[in-house]
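Protein chains in written order, with this note's numbering: chain B, 421 to 797; chain X, 421 to 797; chain R, 421 to 797; chain W, 421 to 797.
Hints are computed from structural coordinates only; laboratory data are not their basis. One should not assume that every hint holds.
With a cut-off of at most 20 angstroms between alpha-carbon atoms, the simulated EDC-like pairs for lysine to aspartate or glutamate come out as follows [as the list claims (entries may be wrong)]:
#: 1; chain 1: B; residue 1: LYS586; chain 2: B; residue 2: ASP492
#: 2; chain 1: W; residue 1: LYS708; chain 2: X; residue 2: ASP717
#: 3; chain 1: R; residue 1: LYS683; chain 2: B; residue 2: ASP651
#: 4; chain 1: X; residue 1: LYS586; chain 2: R; residue 2: ASP717
In silico contact screen, one side only, chain W against chain R (beta carbon under 7 angstroms); selected entries [unchecked claim]:
#: 5; residue: PRO460
#: 6; residue: ARG463
#: 7; residue: GLY486
#: 8; residue: GLY489
#: 9; residue: ALA493
#: 10; residue: HIS743
Bear in mind the structure is a predicted one, so any value in this text is a computation, not a measurement. Backbone N, C-alpha and C define an ideal beta-carbon position, used for all residues, glycine too.
Residue-level listing of the chains:
4 protein chains.
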Amino acid sequence: MPNPPLSSAPPSVPNPEPQRERVGYAVVGLGELTSEALIPALRTSQHAYLAAVVTSDIDKGRAVAGAAGLTDADAYVYDDFEQLSTRSDVQAVYIVLPNNLHRDFVERAARMGKHVLCEKPLASKTQDAEAMVAACKAAGVRLMAAYRIQYTPEHWAAKRAIAEGKLGAVKLLSSAHTQVEPTADTWRLKLKHSGGGPLMDVGIYCLNTLRFLTGREPEWVFAAQHQPTDDPRFTEVEESLSFMLGFPGGVIASALCSYGADKTTSLRVLGDGGAALLDPAFVYSGLKLTLSGEGGDTLVRFPNYDQFQLEVDHFAQCIRLGHEPYTPGEEGVQDHRLMDAIYESVRSGLRVVLPKLSGTDLFRTVSNQPAQIQPGR
Amino acid sequence: MPNPPLSSAPPSVPNPEPQRERVGYAVVGLGELTSEALIPALRTSQHAYLAAVVTSDIDKGRAVAGAAGLTDADAYVYDDFEQLSTRSDVQAVYIVLPNNLHRDFVERAARMGKHVLCEKPLASKTQDAEAMVAACKAAGVRLMAAYRIQYTPEHWAAKRAIAEGKLGAVKLLSSAHTQVEPTADTWRLKLKHSGGGPLMDVGIYCLNTLRFLTGREPEWVFAAQHQPTDDPRFTEVEESLSFMLGFPGGVIASALCSYGADKTTSLRVLGDGGAALLDPAFVYSGLKLTLSGEGGDTLVRFPNYDQFQLEVDHFAQCIRLGHEPYTPGEEGVQDHRLMDAIYESVRSGLRVVLPKLSGTDLFRTVSNQPAQIQPGR
Amino acid sequence: MPNPPLSSAPPSVPNPEPQRERVGYAVVGLGELTSEALIPALRTSQHAYLAAVVTSDIDKGRAVAGAAGLTDADAYVYDDFEQLSTRSDVQAVYIVLPNNLHRDFVERAARMGKHVLCEKPLASKTQDAEAMVAACKAAGVRLMAAYRIQYTPEHWAAKRAIAEGKLGAVKLLSSAHTQVEPTADTWRLKLKHSGGGPLMDVGIYCLNTLRFLTGREPEWVFAAQHQPTDDPRFTEVEESLSFMLGFPGGVIASALCSYGADKTTSLRVLGDGGAALLDPAFVYSGLKLTLSGEGGDTLVRFPNYDQFQLEVDHFAQCIRLGHEPYTPGEEGVQDHRLMDAIYESVRSGLRVVLPKLSGTDLFRTVSNQPAQIQPGR
Amino acid sequence: MPNPPLSSAPPSVPNPEPQRERVGYAVVGLGELTSEALIPALRTSQHAYLAAVVTSDIDKGRAVAGAAGLTDADAYVYDDFEQLSTRSDVQAVYIVLPNNLHRDFVERAARMGKHVLCEKPLASKTQDAEAMVAACKAAGVRLMAAYRIQYTPEHWAAKRAIAEGKLGAVKLLSSAHTQVEPTADTWRLKLKHSGGGPLMDVGIYCLNTLRFLTGREPEWVFAAQHQPTDDPRFTEVEESLSFMLGFPGGVIASALCSYGADKTTSLRVLGDGGAALLDPAFVYSGLKLTLSGEGGDTLVRFPNYDQFQLEVDHFAQCIRLGHEPYTPGEEGVQDHRLMDAIYESVRSGLRVVLPKLSGTDLFRTVSNQPAQIQPGR
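With these hints in hand, go ahead and build the complete structure from the sequences.
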């Protein structure tokens, strides 16, 4: 018998609810993330389960379905997406497609009355993101932007520490999210599919998390980018981009993102009475939060958990209880508007002033905060 | 679309083989480890899948089966264990029961011709462990001791660094594995069920890993323990135990284990040209290996992986290819003999000299090393 | 007898040369840095020694002199600075005064034919810095800007790793240097004395080290700052400032500095084949350099050393051997010009384009690199 | 002007008292420790200063004296040690000689009425250590054992955390102190000079610090060692040694020491409510203390300080105020007795039971605790 796990585990056995009481998801798009993270999370979640897969290649779909314990009948091709309308056991779809395809599938899902969990960025263009929000509203279905970082205990502990004044008044923030895209043949590097370069895919983590942690919206932005002229990977999108944000009260944040630099995921918050460091800040597991203040640096420990499970379970609970998700489509739209401003600053070389937005957590559902995992081990 | 994972992931999609080509496991015992780690691992493994569950309570069994996507018919109670003999899709059983029950179920599984993966320690008594090995041999089935630490890339990288002389000649080792058992009502604290205290359950990691890393068998052992007289948890077994091992060539190791001390899992190897530190060394995820030598301390990085998946996949491959597992029953028996000597030293207060065993990796199947995950990210 | 130190120590005993062969320094200004760091460094250096002190208060000067093993006659007040002209044992002066006083004392020292080691920033205004360079040149004495970060083994190891391509092509950099100035009554917060806020005093480390590590000069700069209206500390200078630099080849750096945020000193370099992290990056001892690449993160270890000793010894050797110091006055002037551009960007809200400068290490004496401490322990 | 140091520095300037009010030390023995650590500490201490040096070679003595700002007249050879009796400015001698010479010089110093700070171990034999204590007592001078680890803020913070129950009840401890002695030609490897191998020189840190942190005396000891037969370095003393200590209440500690293994200095304390880790634990600077408990691991930060300065200043204050030092000779004698028992266990292969000693901090001067540096930065 092995030793018990580090964590004081969730209590009851069996942990998950019976499948028939859980929310069935159809996952649309069978890339690496789906097979490595989402399907495992759905198969071990509390409130959700994998009910169907949708892909371009029926053979691949059936193979994945089979591997996941489903039947051939649970695999669909994109053209047959609407067949899910007859599947009452599929209450939600999870869109894991190239950005430019999000809108079409979200709208089709909404028309079928299916709730939608959509990967970030919400779309390849702001107007598409806005249309998705409108379509879901019109159809009376929930739309959640898959910002997993707004569901992890580490980021929530940092947000709470800031809100409770543990760092004193926040003054400066910085963040970096970089990685190397090794080859040119990915949709991420095609402007039409992605809508932009590293900003859209990795920089958005910096942007979204800076907004989440401060709870505020920036008042201005400045940005610069590098797009090499001799690298076949970067004929359509930038290689690296750096942006600076001005938040209310003179708080300044700076961020770096890249598809051409060594993997780094980091976020630092500096207050006049302490500091918080998340490093790594955005990876799928092993996030580390250090809170610094008088007397020392504390690495805050949490029990093991699965980031994707927290996400799919939150949305499943929203569906069952009729709640708006903590990160609704509007949260994703706001990032799109800010990314537009960032690219505008790159183009113009000028600081771009944004519409003034007072208040905190303006685009989040503060009445429906995600379930919290407490520090401990 | 989220950013790709840190790791250069295993290549093909779908990752797992089709279920019909994988090895079906029946898991016997539905405790926390099973629900939190083994079933998830079996559901996302490459070469194995969960085919049945066996437990004391049919309702719980059916609930777990259902939660795992199986049917009521896949749940069995202990008395009906032999019904698995008709299940040709169940090729292996994974025994996750209190130590004293291992022997009975291993022998019954062997009689059905099922291969057996058995949790550590192999039994509650050495003679039971020996009997299990004999029974499986007689029945022509494979028996693997579930020493997950002998399947992780971090421990293999440490073992290789030692074998290749990266640390110079090894001189000293130390290890600790401690945790707090909060309440008295666990079978681990009942001598009849467990066969012993923390040594049997957590100290065995120190012992086994010291043997694995050096590849050698100790020549003598000295040990001391503490068993409080006023703590209801420790009426039958020790609270804490410390042992010292003498390895060939004058290499000395010392180890600490406890059910009454803060969670610690650590192992250090000191050579005359460098050092290796595993800390944490034995937890389920997030192991860290630091190799030190001229010029600095290198934290070796590996792609994400699931420790239990590596274990169940190794045994599945052994079954399909007709190989002896890397950690056969004999490896488990040897730990039992050494734990007997440790307890004998505690009782006598004397150093206990062990039978001399020359050679390296005497109880492991060196011809069938586990598949290796290479450093990288 | 204690155990020998970690480091393989410098060989001969006694380590320092006989005092009469070393270079005598007069230290001008007896603040905290002088008493805590410079005098100890001078007293244990290899090639230098403390010969005199100059201050505003003769009693304090005599007390410091006495405590340092000098006599009352070795203490001078500022007005008597020129009495050092008769002290042939004083070959160098180390200026540790408020920024706006640097120029006067440097020019007076030059007129006496004394070589000058001057704290950073070189002055409170660019034109003063330029005048100081001219005055020393005219007088035939050496002027060294006290950029200790250009003399430490950690920063040199990072610079070498970059130059040798260990990180691949550098893409992005970030740095932060922040601290809390607790009270308003320091000359650092008086514009006339300091010439500016945290940029001049702590942000200059980011700026100078980014230039040092890349070896390049920025082509443009953008900056923003925060100066609260209700904080008595910041009536004259900014509280926090963030700047972005565009280096040749599209390399972008961002930096944060503050007098109102928790102590942080950090610098990160991201290449397409690896990364370097210095954290802490700018403190007086315990700098940590981590180089990341395939296979892991290596914390590079160095023997113990004294940063200030490296500085005063380098300059002492320059004086004895007739060499230009590695960081001559011109290096300090260039930072002044860049800080002017940063403040101009703050004022205008616009990106400021800088004169194009090709080549590497343009303001450093590449023929006279500081003595190198090799990794080891 | 450089940025202020991390620490909130000791307040007044000049930090040290005037030299005539400080305690003058004669340092006896001019090895590496003296030149690299003790003389710098004495030259920058608060209450002490270097007044004279004593060595075997008058030229070396004069060179060291000169380098330290003393005159030729301040250098003495061992035979002229008694000339210090006329030096009223020399109130203390610091003995930094091979262990077997300690007794002679301590007794000679006592006869001159000089107070003695003596390096650890106090002697090469227990009876010499006892004689030293008696001689100083008879002469009415203070004798302090130079256990610098009992004067650092990190170790005191750990001791306090234990005493205040921050870790709960202490259950287990482990420690390691190892290093490679590269060549055979050091007195440390000569039994006559040293009295023993790594136990006497580095293992004593483990022993002494385990006693200091728990405040208790062990009840039994078991030990084993390795002395290779083919290594010219270890013809007289052991290469590696491991010992286990039984403390009152069933607390067990294990320790490793070596002259043949990679530099490691570590100490871990495991309680039922938390843990303390010192790593590095025994080096001259950069000690790190991590306290673990519910919610996380806290790295406790302290302002910069000089370990040797704390030691020499403590003893200087004892002399001036007429106090017994916190670590009097008796503390050193107790370690000798325990090391005798450890070697006896090695020889006999048996556990050695020690005289029962009740109470806490039996050999320390609890009424004269060293001045405390508080956590902070």
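Results of checking the hints against the structure:
no.	hint	result
1	B:LYS586 - B:ASP492	54 angstroms, violated
2	W:LYS708 - X:ASP717	16 angstroms, holds
3	R:LYS683 - B:ASP651	40 angstroms, violated
4	X:LYS586 - R:ASP717	17 angstroms, holds
5	PRO460	5 angstroms, holds
6	ARG463	5 angstroms, holds
7	GLY486	5 angstroms, holds
8	GLY489	4 angstroms, holds
9	ALA493	15 angstroms, violated
10	HIS743	24 angstroms, violated
Comparing the model with each numbered hint stated earlier shows that hints 1, 3, 9 and 10 do not hold.
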